[in-house]
Every structure is written in C-alpha cells, then in structure tokens.
Amino acid sequence: MRNALATLFLGLSMLVPIAAAPGWAQAQDGPLRIEITDGVIEPLPFAAPDFIADTPEAAQYAADIARVIASDLVGSGLFREIPQVAYISSYADFDAAVNFTDWKAINAQALITGAVGVSGDRIAVRFRAYDVFAGQELGSGLQLSGTTDGWRRIAHKVADTIYSRLTGEGGYFDSRVVFVSETGPKNDRKKRLAIMDYDGANVQYLTSSNDIVLAPRFSPTGDRVLYTSYESGFPQIHVLDVGKVQRRILSAGNGTMSFAPRFAPNGQTVVYSQSEGGNSDLYSMDINSGATQRLTSAPSIETAPSFSPDGSQIVFESDRSGASQLYIMAATGGEAKRISFGQGRYGTPVWSPRGDYIAFTKQNAGRFHIGVMRTDGSEERLLTASFLDEGPTWSPNGRVIMFTRETQGAAGQARLYSVDVSGRNLKPVKTPDGASDPSWSPLQN
Amino acid sequence: MSRLKTAVFLVAGLTLAACSNASWDDTSAGSGGAGQVTPGSVGDPTSPAYFREAIGDRVLFLVDQSSISPAAQTILAGQARWLTANPDYVVTIEGHADEQGTREYNLALGARRANAAREYLMSQGVAGSRIQVVSFGKERPIEICSEESCYSQNRRAVTVLAGGAVVG
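These protein sequence lines are chains U and Y, in that order. When you number the first sequence by the working numbering, it's gap-free, plus one each residue, and the end is 445. When you number the second sequence by the working numbering, it's gap-free, plus one each residue, and the end is 168.
Calculated from the structure, these hints are not laboratory results. Only a predicted model underlies this, so the values are computations on that prediction, with no experimental measurement involved. Be a bit skeptical, because a hint or two may be false.
What the hints assert, rightly or not - Within a straight-line C-alpha distance of at most 20 Å, the following computed EDC-like cross-link-like pairs (lysine to aspartate or glutamate) qualify:
id : chain 1 : residue 1 : chain 2 : residue 2
1  : U       : K427      : U       : E42
2  : U       : K190      : Y       : E143
3  : U       : K244      : U       : D197
4  : U       : K337      : U       : D310
5  : U       : K104      : U       : D121
6  : U       : K190      : Y       : E139
What the hints assert, rightly or not - Ranges between beta-carbon positions, derived for each pair:
id : chain 1 : residue 1 : chain 2 : residue 2 : range
7  : Y       : I142      : U       : D64       : 45 to 55 Å
8  : Y       : Q73       : U       : Q204      : 43 to 53 Å
9  : U       : G322      : Y       : T74       : 24 to 34 Å
10 : Y       : L60       : U       : A411      : 41 to 51 Å
11 : Y       : L60       : U       : P45       : 57 to 67 Å
12 : U       : G322      : Y       : S152      : 46 to 56 Å
13 : Y       : V63       : U       : A86       : 49 to 59 Å
14 : Y       : S152      : U       : E42       : 48 to 58 Å
15 : Y       : I142      : U       : A59       : 51 to 61 Å
16 : Y       : Q124      : U       : S321      : 32 to 42 Å
17 : U       : G243      : Y       : Q73       : 51 to 61 Å
18 : Y       : A162      : U       : A291      : 31 to 41 Å
Cβ atoms here follow ideal geometry from the backbone N, Cα and C, with glycine treated the same way.
Given only the sequences and the hints, what does the whole structure look like? Please build it.
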C-alpha cells in the first residue's frame, strides 16, 4: 500500500508548455468564457475526441484520458459533451491544423485535443484547447508527464486547466476525498476510513472495520487526516499520515471523549470537542507539543468547529440558546457571536476555502438540508432537502459541496452526494459501498 | 419481585464481607472479586443477567432531552441497589441518540444522557469511581426503523457491567 500511494502522490513530475499549434495565433483573452457567478443555465458544448496514441501501448490511455477529462467537465454541470458519433472531422494528428468549420457545424464551442506517449512506466500527455468559433487556441498547449499508474491524475490536471481557462476559477478535479466506508445493516454497521479520487476512482481503505471511525478531516495540505476512533473504547481523536498509512492517537486519558476535530490552516493546530461530565466544550491542541487550550466554558453543547481560511476565527454549533445555532468566535476563544437565526436547528458549519460562505446542516420540520450563508449569517440559501442530509465539505475552489445523504427506514443507507453552491447539479458520488462523512482535499500538487 | 430483592440483600451482605469496592481506577477491578458460584441465570439475583433483565439495564429519553424520567428513576434506583449489593462490579454507561440529528451533536447528546444516568446512580450511593461514561451518538441503534417507535428505544443510556467474578 505504501508503494502504491507513493507513486500516486508523486506520479506527476512535469507540467511544461508546448509550442502553439501551427497556423493560429495564441488567443490573448479568448472570448470563450463561462461566468459562473451569473449562474450557468446552458452548459457550454465541447468536443473531446480520443487523444492520439503515439505508440500502440498508449492507445488505451489515449482513449481513457479523453473520457476522464470529458467526465470531469460534464460532471461540473458547466459543460456538455458533444457525442463522438456526431463528429464530422476525424482527429488523427495532434500537430495538424484544425478544421474549425467541421467543429462549428456540430456547435462545439470548445475543442480539446491531445496526444499520449508511453515509454515503460512513464506517460507523457500533450493537450490543446481551442475556441472553435474564434478559430483560436485557448491558452497554450501543455505537456504533463508522470508514471502510467498516475494517468487519471494527469487527466484531472488537464480538465482543471481547461476549467480554469474557461471559468477564470481554480479547478477541483485533481483532488481526493477521505470518507467513511459503510457496510452491514443499520444495527450492525461496519465503518472504516477510505480515500479516493474526487470522482470515486482509486478507492483505498485506511483502517480496518474493527472499531467505529467517524468524520475524517484533511489537513490543509492533504497529507494527514484527523478522525475520531473508538479503538480505545471511547471516541478519541487520531491523526493518520496518508502517505505512510501511519496513525497515532492525539487525545489521551482513559475515559475522556473527544471528537469533531478539524485542522487550522497552519496544519499544526487542531480544534475539537471534548466531553467531560456530560458537557461538551471546544478545545484547541498544538499537534506537535500536545499542549491544549480550552476555548469555551459553557454548560451547553459546543461542537463541530471549523476555522476561517485565515485561521483567525472559528465557526461552531452550540445549543446555548435552546436549539442548536451557529456562532463565530476568535480562534483563541472568548465572546461568540450568533450568526444563524432561522427556524429549526443548525449544525456542522464549514467555512468555504474562499472565505465567502459557511456551509451547514439544517434540521427543520422533520427534514434535513445542506445550506450556505454569508459569514455574517445573511443570504441563507438551502441547497438540498431530504430525510437526512448532513456534514458538508467544500471543493478546493469553493464551488461544490459534498455531503452525506442517508435514506429512511430499516434498509436506510448512507451515500455521498455533491451539489453546486448554486443549488444546481445535485448528484450521487460513486462509492463501492455505503459512504458517509466526506472531507474534500485541497488540489494536489 | 420483593422476594428477589430480599435475596439481593442477603447476597450483598456476603459479598461485602468478601471483597472491597471495585473502581474503574483500580485495574484489578473484579479480578479479586467474590469467587462464589454464580449460575448466572436471570433467576440468580447476583447475576449480570438479573441486572440486565430483572432490573433493567437501560433508561430511555425524550427527543433531544437528557433528563431522567420517573420511570428511569425507578430503574436506576434498582441498578444502584444492585451495584451496592455487588460491589465488585464496575459499570460503563453508554449514551445513545436516535438518528435525527447530526453525528457531532448526537455524540454530545449521548454524553449528556450517559452522564445524567451516572449522576442519578451517584445520588443513590454508587461511587463515581465505579462509573465510566461513553457516548455512541447515533452510531449504535438497536431498532432500525425511521419512526418514533424505534427512535424512542434508541434514545437510551445503557448500564453495562464489567468486573465481577463471572462476566456474562
């Protein structure tokens, strides 16, 4: 497992520009652009023919990489792929001039071409993107290379580049999700930590299912994961080094219960809930020294803390005023300001990586919702509704939210879903078994 | 029932003479406990089975509440009497919630419930050192339907015995 992970994480070694396609000037500021903030109603149509295989052993990669790129773009809800059967032009030479007329005829506004070379366990992928109606290349072509088993990451990087060029936003496809894999019936559920690509590929299990594990949370660089485990018989916080699959317990002391951990942006401070005498309060801990600091001291429940991107503030949930509501306080503790005032109960707030929104779980009138609000509590919008939605996590670019949806009844099962911050594009995330408690990594390097 | 209670107190006298009180801080809890034969059936008032089934090992809670109801008080008082009579046992009280609520909140709520049961046992004379608490939140439902009939059984605090001469 160590080797597999190492190659996966170190698989990408190069990302270099390649010369512009012959015959066309490079676009300065291409007219082709998706303005996400206005809300995309009509997805942008694109064509992504299979990449050219430089050698026979590259053929499968050439086809698969184009499929992953198309799947990423379509999955974002901002793009629509024109099926290959509609193509007029065949695409056989990466460096030949593009016949834009044929692509215009099928209304492909963007065209993505590429070529793949394989040598031993090394793979090199070149790609170009075109603004078909402007007859121009969209940004410069790029070459990415790495090991063949990292081919999906290369495809995601290509898709991220195209997404960025067309939206002006950072991408989110070359990212991972750590979550809890669930099997077995509701009254005997087995849980273990698992990690996968954001699209459900490359699932790997990080713990056994001997002990209950809950709510894994990525570090700001994605190298470590905090989670709660019942290994000692009590819920306690553990930290796992993803690359080495090594883990250690953070909270000590038999009989104490600690849970709901989350990293600060500095990757060294951890904030969490600890329960003593039936009362849960917030604490922070320096992960290296083990020094702890108590942040709240109230007879109410204080839990589910999450840092602002600059690390200066913490949003959390508390039932100090009756039903659970969201509060913000300084990262060092002190006076907290209530930000949620709507009907029902609010929980599991998570600060967007862009800093603009706080995502949360809302329970009202027997239904659960994932919602977002501004950090001052204004502009509350509910994005989903179901029997049980909970535990939002943000995509690295703050555009998409992944969460747990559990179905009702004796056969109820948990699954991961994602939804745009706009409320559109709600869809399940593919996992081998039941799944809950997703945490989205930052973009990989 | 009253005949059984008498039996409990008779055995209690014997047991108290035989060993000291157990404690969760005392790692030898139970190991030096009464070595007398305990058939372990529910009919044996010193048995864990009796504790679980005749007295009742769990108390239930209202939605989002952790207060001890009159019915729960009766059960916990019975547990306290049994624990007083069987001092070589220690207990872990497991607090649970129904599935309506977030994972984090339910962990905190389960901790409240377990602690409420612990405090009641202590008010009835059981030493706090003999009682550990743990919350399972909504992770361990015993009833699996998504209706109040199941939820009411899942909102519980269960007193689990450990130590003793025979763990059953």
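Status of each hint after checking the structure:
1. K427/U with E42/U: holds, 18 Å
2. K190/U with E143/Y: This hinted pair holds, its Cα atoms lying about 16 Å apart.
3. K244/U with D197/U: Given pair K244/U, D197/U holds - Cα atoms ~18 Å apart, limit 20 Å.
4. K337/U with D310/U: Between K337/U and D310/U the Cα gap is close to 18 Å, so the pair holds against 20 Å.
5. K104/U with D121/U: violated, 38 Å
6. K190/U with E139/Y: holds, 10 Å
7. I142/Y with D64/U: 45 to 55 Å: About 47 Å separates the Cβ atoms of I142/Y and D64/U, which means 45 to 55 Å holds.
8. Q73/Y with Q204/U: 43 to 53 Å: Holds - the Cβ-Cβ distance for Q73/Y and Q204/U, about 50 Å, lies within 43 to 53 Å.
9. G322/U with T74/Y: 24 to 34 Å: holds, 29 Å
10. L60/Y with A411/U: 41 to 51 Å: violated, 24 Å
11. L60/Y with P45/U: 57 to 67 Å: With Cβ atoms ~58 Å apart, the hint holds.
12. G322/U with S152/Y: 46 to 56 Å: At 22 Å between Cβs, range violated.
13. V63/Y with A86/U: 49 to 59 Å: holds, 56 Å
14. S152/Y with E42/U: 48 to 58 Å: Since S152/Y and E42/U have Cβ atoms about 50 Å apart, the given range 48 to 58 Å holds.
15. I142/Y with A59/U: 51 to 61 Å: holds, 55 Å
16. Q124/Y with S321/U: 32 to 42 Å: holds, 33 Å
17. G243/U with Q73/Y: 51 to 61 Å: holds, 53 Å
18. A162/Y with A291/U: 31 to 41 Å: Taking Cβ atoms as reference, A162/Y and A291/U lie about 33 Å apart, which means the hint holds.
The structure fails hints 5, 10 and 12 (numbered hints given earlier, in ascending order).
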